[in-house]
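Make a model of the complete structure from these sequences and hints.
Spelled out, the chains give:
2 protein chains.
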Amino acid sequence: MAESSEVKLLGTWWSPFAMRSRIALNIKHVNYAFVDENLLSKSELLLKSNSVHKKIPVLIHGDKPVCESLIIVQYIDDVWTSDPSILPSDPYDRATALFWAAYLDEKWFPALKGILFGQGEDAKKALVDQAVEALVLVEEAFGKCSKGKPFFGGDQIGYVDIAFGCFLAMIRVTEKFNDIKLLDQAKTPELVKWAERFCQHPAVNGVMPETEELAEYAEIAIVKMRDANPPKS
Amino acid sequence: MAESSEVKLLGTWWSPFAMRSRIALNIKHVNYAFVDENLLSKSELLLKSNSVHKKIPVLIHGDKPVCESLIIVQYIDDVWTSDPSILPSDPYDRATALFWAAYLDEKWFPALKGILFGQGEDAKKALVDQAVEALVLVEEAFGKCSKGKPFFGGDQIGYVDIAFGCFLAMIRVTEKFNDIKLLDQAKTPELVKWAERFCQHPAVNGVMPETEELAEYAEIAIVKMRDANPPKS
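These protein sequence lines map, in sequence, to chains W and A. Note that full-length UniProt numbering has the first sequence beginning at 1, numbered continuously upward. Note that full-length UniProt numbering has the second sequence beginning at 1, numbered continuously upward.
Treat the hints with caution; some may be incorrect.
What the hints assert, rightly or not - Derived Cβ-Cβ restraints for the label pairs, each shown as a range: (1) W/S41 <-> A/K187: 28 to 36 Å; (2) A/E133 <-> W/D36: 27 to 35 Å; (3) W/K42 <-> A/K187: 21 to 29 Å; (4) A/D129 <-> W/D36: 30 to 38 Å; (5) A/G120 <-> W/K124: 27 to 35 Å; (6) W/A228 <-> A/K144: 34 to 42 Å; (7) A/C199 <-> W/G143: 38 to 46 Å.
These aren't lab readings, by the way, just hints derived from the structure by calculation. The beta-carbon is built from N, C-alpha and C at its ideal position, and this holds for glycine as well.
Structure (structure tokens):
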């Protein structure tokens with residue numbers, strides 16, 4: 001087990017992307033110091049450690065910074081090899097996991113963000129349809145990746161579990177604010193059951209924000225965003 | 001060496017993203033069949049093999065399709081392990097290579113595409129500044145990754161070489177059409193020398209499009225795009 005002084009994670013309590021690193025570190029039983037950054041006044045350490053994007057999360061291992069949440073998860077898997085693997089060892093399964101994680105970030109997350117923070121009922125409705133359609137694909141992917149086991153990663157939480165699971169609290173808040181169901185018993189029954197299992201996993205349940213707490217935070221963020229960009233009359 | 005019947009690449013001759021897979025296959029001395037897709041009338045095989053994005057490139061290994069250019073490169077590296085490694089084996093160097101490849105695709109390529117296909121002189125000028133500024137960062141990354149050796153990957157072409165090098169023909173066409181320099185002796189002298197070395201590499205020189213040929217093709221594409229989206233008067 002690494003000493004906590006050796007591993008530091010710069011993040012925020014609510015960030016799904018920081019959560020990915022935390023879950024990966026928990027899976028590998030790595031002690032680490034969590035630095036809760038104020039994104040309105042970023043620390044010198046953050047600005048120096050991720051001088052290109054100036055964004056969280058950043059994992060600092062010894063004196064080396066690693067940036068970008070999915071790259072951090074791969075790095076954690078590559079460094080702490082004794083515990084369960086996060087990425088599959090089979091090259092094809094590995095490529096499939098990388099594919100779905102990229103899909104979630106590039107195609108699915110923008111729709112979720114649009115529903116949560118966007119404006120205009122018609123635009124939102126289109127995004128809800130898009131997000132649900134994408135989740136049906138992810139449900140199919142779950143069948144192929146899990147091969148009848150509880151997680152995308154099989155018996156253990158793996159790369160796609162982490163990549164997707166980190167969004168669950170945000171999904172719940174988005175559902176609550178918009179009175180909709182994104183993860184739905186009728187269309188994505190396997191993902192509904194998977195989400196329950198994922199949230200109960202010991203590597204996850206201490207780092208997943210409570211829906212109510214995240215909802216309060218998101219409400220303030222949405223009001224601030226609308227004040228800054230009032231709807232066009 | 002794999003039989004050509006076992007490995008098939010769906011791409012187009014001009015696609016920088018298909019080129020990534022071709023260079024990786026060449027490095028690994030894998031025989032493969034190249035299928036030049038007509039993107040205006042995509043084959044059933046392409047639509048079936050990449051049913052999510054319906055895009056090239058797709059590597060078909062046996063009967064298994066692998067999609068997304070950087071994931072294909074990782075897959076090739078994972079499957080054909082006897083030849084030079086494409087991704088570094090050290091976890092930190094590996095994370096650094098993944099970081100710069102993602103940076104090029106997410107931050108730098110949209111600027112290049114905007115200069116080549118976009119409209120409006122002021123918007124283009126801003127994109128040129130943005131692209132050159134990004135290349136100065138890539139020049140710095142070259143120093144750190146190559147550690148004084150000829151390529152990002154050290155003595156051999158590696159992951160970042162492939163990720164970046166595939167854009168060189170498109171960079172030359174963009175420079176020619178706009179009478180600008182993106183890779184510049186004054187600002188990015190190491191990248192200028194690297195680009196020459198990269199293009200002369202035996203894994204690359206048969207698959208890099210000729211500037212003139214690509215320019216002709218791009219000119220037709222730009223005219224078509226402008227006809228479809230005439231500038232607002």
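Checklist line | Numbers of the earlier hints that this structure fails to satisfy, in rising order | finding: Hints that this structure does not satisfy do not exist here, as all of them hold.
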